[in-house]
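From first to last, the protein sequence lines stand for chains Z and G.
Mapping to my numbering: the first sequence position 305 is 420, numbers consecutive.
Mapping to my numbering: the second sequence position 121 is 187, numbers consecutive.
Bear in mind the hints are in silico, worked out from the structure with no lab data behind them.
The structure displayed is predicted, hence computed values, not measured ones.
Heads up, some of the hints might be wrong.
In silico SDA-like links for lysine to any residue, alpha-carbon gap of 25 Å or less [said to hold, decoys possible]: (1) Lys227(G) - Ala141(Z); (2) Lys227(G) - Val220(Z); (3) Lys169(Z) - Arg258(G); (4) Lys169(Z) - Asp248(G); (5) Lys97(G) - Gln200(Z); (6) Lys97(G) - Ala141(Z); (7) Lys169(Z) - Asn182(G); (8) Lys169(Z) - Trp250(G); (9) Lys169(Z) - Arg101(G); (10) Lys169(Z) - Val261(G); (11) Lys97(G) - Gly191(Z); (12) Lys127(Z) - Gly233(G); (13) Lys169(Z) - Asp235(G); (14) Lys169(Z) - Thr102(G); (15) Lys97(G) - Gly520(Z); (16) Lys169(Z) - Gly233(G).
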Amino acid sequence: MNHSTPRTLSQKIRDTHLVTDTPGGAALVAIDRVFLHERTGASALKSMAAAGRKVRDPSRVFCVMDHIVDTRPGRGDQTLMPGGQDFITETRAAALAAGITLIDVNDPDQGITHVISTELGIVLPGMNLVAPDSHTCTQGAVGAAAWGIGSSEAEHAMATGVLRLEPARTMRVTFSGTLAPGVTAKDMALALIARHGAGGGAGHIVEFAGEAVRALDMEARMTLCNMATEFAAVTAIIAPDETTFAWLAGRRYAPAHFDDPYWRELHSDEGAVFDREIAIDAGAIAPMVTWGTSPEHAIAIDGVVPQGPPGAHAYIGLEPGQTLLGTPVDAAFIGSCTNARLSDLRRAAALLKGRQIAPSIRKALVVPGSSAIKRAAEAEGLDQVFTAAGFEWRESGCSLCFYAGGEGFPPGSRTISSTNRNFEGRQGPGIRTHIASPETVAASAIAGMIADPREIAA
Amino acid sequence: MTPFTVLASTAVPLLRDNIDTDTIIPSREMKTTGRTGLAAGLFAPWRYSDAAARVPDPSFALNQPQAHGAQILLGGANFGCGSSREHAVWALAEHGIRCVIAESFAPIFRGNCLRNGLLPLILPGDTIATLAWQPVVVDLAAQTVKAGDAVHGFAIEPEPKEMLLGGLDAIDLTLKALPAIDAWTQADRLARPWVYPEGPR
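Please build the complete structure, drawing on both the sequences and the hints.
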């Protein structure tokens, strides 16, 4: 193949994985890794077994318990979700029967799929990884093509080692400048979606670039890529650099050194043409909070609620012209594949140290992104900071990022949450969610109302 | 899979943007690891005034008498955004929906439709608005949507069109290419050895 034409990073990865074109204009593209969890994994594995199909290479399929598993201390297979235990036991049985790598409930490696995949080096730069989970785009932070699929596509990938893919369009989002103090990758993601809409990335693979992206550490890059699905993008990717290679080297499934010339080619060539380009001045971004029921309903924390869809105002109980600052909140959540890594917990704890959450907060949880992060945080004493402030300190899992019918927030709660979705009912029927950075969650929990973390001296 | 050829049905309007899969089927309605028994949870937050007691909300479009048996749903932009849950498509299919017409679709939802014999069909928003509650005929081979005297063309890539028309199973189709996949994999093992671990722990 002639590669003299400049190519984008995602085109290079696609070319590397091209098995053959199909007559219908699609291609069979090799898949290096499939990651399952208990919410959808059992369904895919059982369906495959029923059709008499086998996993072609079990050594490249991984499965973890994260979605339904309880996060209360001392947990086992029991969950508060009605029938939840079945998802765990059936996924375990199906995973063992298929011979794939299972990371079980109380395995030291357990954690949220997208957190542990990077943590263990299961996903590597240049790889194709798929998972039946929309936030798989998180893993693009290491320079992999990682994207969410449905259960049927997961079966396809496991049974054949490939997916049938139509070509995707490409978009580059360039963040220039430097983030102001107190502004984070979460705010970058929300600013992008607020400006260009929840459908703004539709059908595109988004490459994040620019000096503000290069300056992010690996965990912050994961936060930025995490919300590409809230932008309707196929996925997001950040070209691997020395930050990436240093972070990944020596992890369980990763090479000890990234000295093969292959790794150094994983970037978009100079002159590569993207179907769309977006430029954002990172220096102009403020801490962002959502006011409504779509991630695109995000505004600067000191802004006023704009005119939005009537249903969104009715659900969230805020009218155009109101300020978000000072809006009382009843619950606070720090967790999820967006913002539950060690650096997230450190930054939130720095604000909470020596302070108490407001007495009006009826539920406040910190749920680490992985069991390894939980141990590391405890070694630093962060758990003590959180519990002294009035937060509950939990085992790792997806927890109350969504409501599955078990544990929930108190009825009628307005939550400030470090998660990624503020859809109607996402965190429970009638629960009103405001998405923000962990710093903003911490500051708001202290104040008992939406509060600007920049106003609190750490 | 049931082939998709020509579909004639009343088109039921849910003309909002960003209808997410949590709304199409909330997590709490996904009670088993199977793919069936999901229709009752379809649009539970909007369809019922009391979801737990299954008390229908008469104002919701799918609860209107003329929506009974309808197979076409109309939506806005970014239909099916959010969670990858294929249960959203399984619930729609079990309810009888075979085609969703929207301004745009979230990518995972679109893929899930295609793998389950549902047609995700894109038309401009003002065209979609004219179809509300109309008897509509969708002809996939001709790539047309007819309502009364109006005929609207739509685009679809050749591969998904063939698969829907033939009711083809993607895995069966791909398995025919196994020799090519095996040859590629053998070469790749040498080129990128780090992709291939020794085996499960």
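Here is how each hint holds up against the structure:
1. Lys227(G) - Ala141(Z): holds (12 Å)
2. Lys227(G) - Val220(Z): violated (42 Å)
3. Lys169(Z) - Arg258(G): holds (24 Å)
4. Lys169(Z) - Asp248(G): Answer holds: Lys169(Z) to Asp248(G) is near 15 Å, not above 25 Å.
5. Lys97(G) - Gln200(Z): The hint holds at about 11 Å.
6. Lys97(G) - Ala141(Z): Violated, because 35 Å separates the two Cα atoms, which is more than 25 Å.
7. Lys169(Z) - Asn182(G): Cα-Cα ~21 Å, so holds.
8. Lys169(Z) - Trp250(G): With a Cα-Cα distance of about 19 Å, the restraint between Lys169(Z) and Trp250(G) holds, given a limit of 25 Å.
9. Lys169(Z) - Arg101(G): holds (19 Å)
10. Lys169(Z) - Val261(G): holds (20 Å)
11. Lys97(G) - Gly191(Z): Given that 25 Å is the threshold and the Cα spacing comes to 19 Å, the pair holds.
12. Lys127(Z) - Gly233(G): violated (33 Å)
13. Lys169(Z) - Asp235(G): holds (16 Å)
14. Lys169(Z) - Thr102(G): holds (23 Å)
15. Lys97(G) - Gly520(Z): Between Lys97(G) and Gly520(Z) the Cα gap is close to 9 Å, so the pair holds against 25 Å.
16. Lys169(Z) - Gly233(G): holds (23 Å)
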